[in-house]
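In full-length UniProt numbering, the protein residues as written are 1 to 146.
Hints listed in this document are in silico derivations from the structure and should not be mistaken for laboratory results.
Some clues are possibly wrong.
What the hints assert, rightly or not - Pairwise CB distance ranges, derived in the manner of DEER restraints: (1) 23 - 116: 17 to 25 Å; (2) 7 - 124: 27 to 35 Å; (3) 4 - 55: 15 to 23 Å; (4) 3 - 32: 26 to 34 Å; (5) 11 - 97: 29 to 37 Å; (6) 27 - 80: 16 to 24 Å; (7) 31 - 97: 32 to 40 Å; (8) 127 - 30: 15 to 23 Å.
Glycine included, C-beta positions come from ideal geometry on N, C-alpha and C.
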Amino acid sequence: MIRTFQPNDLERVMELWLSANGQAHDFIPHSHWEEYFDAVEALLPQASVFVWETNGRILGFLGLNGRTVEGLFVDASARSRGIGKALLDHAKQECGALTLRAYQKNEGAVRFYRREGFLIQGRQTDRETGETELILCWEQRRNAVP
1 MIRTFQPNDL
11 ERVMELWLSA
21 NGQAHDFIPH
31 SHWEEYFDAV
41 EALLPQASVF
51 VWETNGRILG
61 FLGLNGRTVE
71 GLFVDASARS
81 RGIGKALLDH
91 AKQECGALTL
101 RAYQKNEGAV
111 RFYRREGFLI
121 QGRQTDRETG
131 ETELILCWEQ
141 RRNAVP
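All chains should be built: construct the whole structure from the sequences, respecting the hints.
Right, here's the structure in full:
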């Protein structure tokens, strides 16, 4: 079930953030994520965060800053079960238009977002890592037939 982030979720959400970043971005040293851990931990409660919880355990979360998806993370044991899609669909309903950045080398994430209707709008170099990021955008179709 999807629910709004609560302050007591922070430890588990940050655990997911660190482990999922390390797994998805094996082309970036794990020390990079460890270096930014404290900053993300401080900023995360200021974002709009939605968590997926099953049997009292958080298995995924999505963070929004306005209409920008700052991150979508799912526990390795729960991937490919629709949790990421459900969280993204929730954000789509909340916002009507979304933007995000994904590392070009994170091919699984890029495929996922493209499958979910995101279009590549541009590329940029992440100053911190030197890696190419894709800028992806999604917008709800106004006149789409259900």
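Status of the hints after comparison with the structure:
no. : hint                 : verdict
1   : 23 - 116: 17 to 25 Å : 20 Å, holds
2   : 7 - 124: 27 to 35 Å  : 33 Å, holds
3   : 4 - 55: 15 to 23 Å   : 18 Å, holds
4   : 3 - 32: 26 to 34 Å   : 30 Å, holds
5   : 11 - 97: 29 to 37 Å  : 32 Å, holds
6   : 27 - 80: 16 to 24 Å  : 22 Å, holds
7   : 31 - 97: 32 to 40 Å  : 35 Å, holds
8   : 127 - 30: 15 to 23 Å : 19 Å, holds
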